[in-house]
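Number of protein chains: 2
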Amino acid sequence: MTITSFHPPQRTLMGPGPSDVSDRVLHAMARPTIGHLDPAFVAMMDEIKILLQYVFQTKNELTFAVSAPGSAGMECCFANLVEPGDKVIVCQNGVFGGRMKENVERCGGIAVMVQDEWGSAVDPNKVEEALNANKDACLLAFVHAETSTGAQSDAKTLVELAHKHDCLAIVDAVTSLAGTPLKVDEWGIDAIYSGSQKCLSSSPGLSPVSFSQRAAEKIKQRHTKVQSWFLDLNLVMGYWSGEGKRAYHHTAPVNCLYGLHESLVIVQEEGLEHAWSRHHKNHLALRAGLEQMGIDFIVPKKDRLPQLNAVTIPQGVDDADVRTRLLNEFNLEIGAGLGGLAGKVWRIGLMGHASTQKNVDFCLNSLRAVI
Amino acid sequence: MTITSFHPPQRTLMGPGPSDVSDRVLHAMARPTIGHLDPAFVAMMDEIKILLQYVFQTKNELTFAVSAPGSAGMECCFANLVEPGDKVIVCQNGVFGGRMKENVERCGGIAVMVQDEWGSAVDPNKVEEALNANKDACLLAFVHAETSTGAQSDAKTLVELAHKHDCLAIVDAVTSLAGTPLKVDEWGIDAIYSGSQKCLSSSPGLSPVSFSQRAAEKIKQRHTKVQSWFLDLNLVMGYWSGEGKRAYHHTAPVNCLYGLHESLVIVQEEGLEHAWSRHHKNHLALRAGLEQMGIDFIVPKKDRLPQLNAVTIPQGVDDADVRTRLLNEFNLEIGAGLGGLAGKVWRIGLMGHASTQKNVDFCLNSLRAVI
Numbered sequence: 001m002t003i004t005s006f007h008p009p010q011r012t013l014m015g016p017g018p019s020d021v022s023d024r025v026l027h028a029m030a031r032p033t034i035g036h037l038d039p040a041f042v043a044m045m046d047e048i049k050i051l052l053q054y055v056f057q058t059k060n061e062l063t064f065a066v067s068a069p070g071s072a073g074m075e076c077c078f079a080n081l082v083e084p085g086d087k088v089i090v091c092q093n094g095v096f097g098g099r100m101k102e103n104v105e106r107c108g109g110i111a112v113m114v115q116d117e118w119g120s121a122v123d124p125n126k127v128e129e130a131l132n133a134n135k136d137a138c139l140l141a142f143v144h145a146e147t148s149t150g151a152q153s154d155a156k157t158l159v160e161l162a163h164k165h166d167c168l169a170i171v172d173a174v175t176s177l178a179g180t181p182l183k184v185d186e187w188g189i190d191a192i193y194s195g196s197q198k199c200l201s202s203s204p205g206l207s208p209v210s211f212s213q214r215a216a217e218k219i220k221q222r223h224t225k226v227q228s229w230f231l232d233l234n235l236v237m238g239y240w241s242g243e244g245k246r247a248y249h250h251t252a253p254v255n256c257l258y259g260l261h262e263s264l265v266i267v268q269e270e271g272l273e274h275a276w277s278r279h280h281k282n283h284l285a286l287r288a289g290l291e292q293m294g295i296d297f298i299v300p301k302k303d304r305l306p307q308l309n310a311v312t313i314p315q316g317v318d319d320a321d322v323r324t325r326l327l328n329e330f331n332l333e334i335g336a337g338l339g340g341l342a343g344k345v346w347r348i349g350l351m352g353h354a355s356t357q358k359n360v361d362f363c364l365n366s367l368r369a370v371i
Numbered sequence: 001m002t003i004t005s006f007h008p009p010q011r012t013l014m015g016p017g018p019s020d021v022s023d024r025v026l027h028a029m030a031r032p033t034i035g036h037l038d039p040a041f042v043a044m045m046d047e048i049k050i051l052l053q054y055v056f057q058t059k060n061e062l063t064f065a066v067s068a069p070g071s072a073g074m075e076c077c078f079a080n081l082v083e084p085g086d087k088v089i090v091c092q093n094g095v096f097g098g099r100m101k102e103n104v105e106r107c108g109g110i111a112v113m114v115q116d117e118w119g120s121a122v123d124p125n126k127v128e129e130a131l132n133a134n135k136d137a138c139l140l141a142f143v144h145a146e147t148s149t150g151a152q153s154d155a156k157t158l159v160e161l162a163h164k165h166d167c168l169a170i171v172d173a174v175t176s177l178a179g180t181p182l183k184v185d186e187w188g189i190d191a192i193y194s195g196s197q198k199c200l201s202s203s204p205g206l207s208p209v210s211f212s213q214r215a216a217e218k219i220k221q222r223h224t225k226v227q228s229w230f231l232d233l234n235l236v237m238g239y240w241s242g243e244g245k246r247a248y249h250h251t252a253p254v255n256c257l258y259g260l261h262e263s264l265v266i267v268q269e270e271g272l273e274h275a276w277s278r279h280h281k282n283h284l285a286l287r288a289g290l291e292q293m294g295i296d297f298i299v300p301k302k303d304r305l306p307q308l309n310a311v312t313i314p315q316g317v318d319d320a321d322v323r324t325r326l327l328n329e330f331n332l333e334i335g336a337g338l339g340g341l342a343g344k345v346w347r348i349g350l351m352g353h354a355s356t357q358k359n360v361d362f363c364l365n366s367l368r369a370v371i
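If you read the protein sequences in the order shown, they are chains A and B.
Residue numbers for the first sequence follow UniProt numbering, so the first one is 1 and each next one is one higher.
Residue numbers for the second sequence follow UniProt numbering, so the first one is 1 and each next one is one higher.
Note that these hints are calculated values from the structure, not bench results.
It cannot be assumed that every hint is accurate.
Where chains are identical, the list cannot tell them apart; a pair therefore holds if satisfied intra-copy or between any two copies.
With a Cα cut of at most 27 Å, we get these calculated DSS-like pairs of lysine-lysine [what the hints assert, rightly or not]: (1) Lys101 x Lys225; (2) Lys156 x Lys135; (3) Lys101 x Lys220; (4) Lys156 x Lys358; (5) Lys344 x Lys87; (6) Lys225 x Lys87; (7) Lys101 x Lys156; (8) Lys225 x Lys281; (9) Lys183 x Lys225; (10) Lys281 x Lys126; (11) Lys220 x Lys135; (12) Lys164 x Lys126; (13) Lys220 x Lys301; (14) Lys126 x Lys101.
Could you put together the complete structure from these sequences and hints?
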C-alpha cells in the first residue's frame, strides 16, 4: 500500500478548538526550521515570553509555552505544585475539573471536590465552605472557562478566597486566554495554563503557562523531585530563562513556536481589549440568531463565555446527523457535547481568528439549512 | 515595545538535530488546520500509524506519535512501564542514559547503572553481569544511538540478553530511526521512542513510539495508575486506536502531524534500506574529508553512527569561535559537545534530508575556511 501526501479539506472551525488558523500563522509555521539553540531562535523565544506576558496581563518572570498541548500545561502546573500528601480543593463544573482531580491524585495529592452543575459557574460560597472545612489545603484549582459547557467562573473572587485561606490558586484558562477578560497579576493568579489553539488561533500543540513568584517559591522549596522530568520547571527554565547561557533541556517544537509567535503578534496588533470586545460582539450576534431559531443556551446569561456557546439541541433533531451534514455539505465544524452532555448540546466556538460576523452568519445559515 | 513577525535565517542544519526540514514538509505544515476529530484527520492518523510501523519495521498495534518532543516519548515509555519499586538496568554511555536514570527514579523505580565510557558502545558483557546480579530486575533500558557521542550499540544482542533474563527492553532510537538499520520486530524490542526532527527531518515536537504486545500487557496489568495523565497509554490509545469511535483525550498537534506524515511519505518513497545506505555513504565521504584535515572521531570505527559524527576539536582551535563563524559566515550549524564533552568535540549531523553529498562538501569547505 502506497500512502501519498495528505491534503486536508478547507474547513471553517467553529467547534471547541482548534479554531481557524490564519494564513499569516500558517505561513509562519512553514518558515525554515533553525536550531533550538540558534541565537535567532533564542531571541524569538524572548519575544514570545514578552507577548505571553502581555496576553496573560502579567509581569511573571516564569511565563513561557510548554512544548506540548494544553493537557500537558495542566499537568505541568499540578506536577510542579502538588507534592505527595498535599490537599487540593478542586472545583468541578464540567469535564476539565475532573481532569484536574486525576492530576492531583496522580501526583500523590488529595483532591477535595467542590461540585457544581455542568453549565453553572463555580459557586464561591461552596468554595469558601470547602476552604473552611479543610484548613490544611494548600491549593485551590478551578477552570476559568469550562470548554465542555461554555460557563465562565469568577476567577478574581475565587483567587481572593484561596489567598484568604493561604492557598495558591491554579487556573485553567485554556479557552479564556485572549477571548474574555483575564488579568493574571490584578487577580493574583499563582499558576495558569492555556492552549495555543483556542482564542490565540495558533495550531494546537503548545501550552502557554505563567507562574507567580509565590508559586515559583513553592516549586523551589519542594521536598520531592517533580515526578515528570519533561515538565520539571526547575529544568525547563534553564532553557527558557533569559539569564546567561541557555541550557539544553529538550528540543523545542521550532515551527510550532513560529506559529505561536505570529498569533501573538496578531493579538498585539489588534489589542487585547479589542479582541475581548470583538468576541463579545460576535457572541451577541450569534445568540440573537440562535434565539430566533428557538435554540437556547445551557448557561445562565451572566455566566456565558462569548467564545464557546453551548446550546441545547432542539427536540427531534439528530445530533450526529446535523454535525455530519454541516461538515460534509458546508465544511463547517461545530462541537459535540462531552461527557454527560453528549447528544444533548452543541458547542459553537467563536474563537480568535474565527470570531467574525462572517462566521456567525455562515453558521446560522448553515444550521438553518440542515435542521 | 512592538514586536513584529519573525523571519528566521536560512540555515544548513548539520548539528545533532533538528536537521534540515524539506520544503515538502514545511508546505505540509502550512496546510489548513482541521479538527482533531475530523474524519479526514483521523484517516491521516491511521496512515501515520502504518508509515511508522514501516519505519520501525514492526507490526506492533501500539505504534503512534506522542504529541510532544522525544524527551516526552522517553517519559512515555518509562512512566507506563515502570511501577514504584521496579528494578531497571540502565546502560549509560552518554547523556541520555543519565536521563533514563532520572526517569526511572522519578517513576519510583530503582535504577541499576551499567556504565561505559562516553564514545563507546554499551558492553554486552557488563549488561549480562548486571542482569545476573539483579535477578529481580524487570526492565533493561539503553540508547541505540547516543546523540551525545555518536556511538551505536548492538541493540539486537542487548535485547536478547534482556529477554533471556525475563526483562523487557526499552530502547532510545531518537537518532537512529531511519538513519541506520533498526528492526523492532526482528530484534524483539518491547518499547521504543524516537523524535521527529532527526533522520525523519520533520519539525521537532513529536515522538514516534512503539510497544510490543508484551509491553502492552505489562501496562494493562499495572497495580498503580500511570503517574502522567497526559502520557497514560491506556487513555492515549482511546484516541489513536483504529477500533470504533475515537475518544477525545487531548488536542493533537494537527499541523505538526501533517509535517510528520509528509516526512514519512518521503522515507517510504526513498525506501528505508536506501535511506540507510545513503546515510552510510555520506558518512564515509565526510569521514574521508575530516581525516584529510587531521580531524579524528571519538568513537571506534565499528561503532560509529553515520548520521551523527562526534569529532575531536583540533588542538589550539577555539570551539565557540569556530561554531559562531560557521553560523554567521556560512549559515551552517554544527553541534557543540554535551556534558563532559563540552569544548572537546563537535557533533556533525548528516541526518535525513540533510544527509547529502552537497552538505558534506559544504561542511568540509566551511570548516577549512574557518579553522
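Hint-by-hint comparison with the structure:
no. : hint            : verdict
1   : Lys101 x Lys225 : both (20 Å within a copy, 13 Å between copies)
2   : Lys156 x Lys135 : within (21 Å within a copy, 56 Å between copies)
3   : Lys101 x Lys220 : both (23 Å within a copy, 22 Å between copies)
4   : Lys156 x Lys358 : neither (33 Å within a copy, 59 Å between copies)
5   : Lys344 x Lys87  : neither (35 Å within a copy, 49 Å between copies)
6   : Lys225 x Lys87  : both (18 Å within a copy, 19 Å between copies)
7   : Lys101 x Lys156 : within (22 Å within a copy, 42 Å between copies)
8   : Lys225 x Lys281 : neither (47 Å within a copy, 45 Å between copies)
9   : Lys183 x Lys225 : neither (31 Å within a copy, 36 Å between copies)
10  : Lys281 x Lys126 : neither (32 Å within a copy, 69 Å between copies)
11  : Lys220 x Lys135 : within (23 Å within a copy, 38 Å between copies)
12  : Lys164 x Lys126 : within (15 Å within a copy, 58 Å between copies)
13  : Lys220 x Lys301 : neither (42 Å within a copy, 45 Å between copies)
14  : Lys126 x Lys101 : within (17 Å within a copy, 44 Å between copies)
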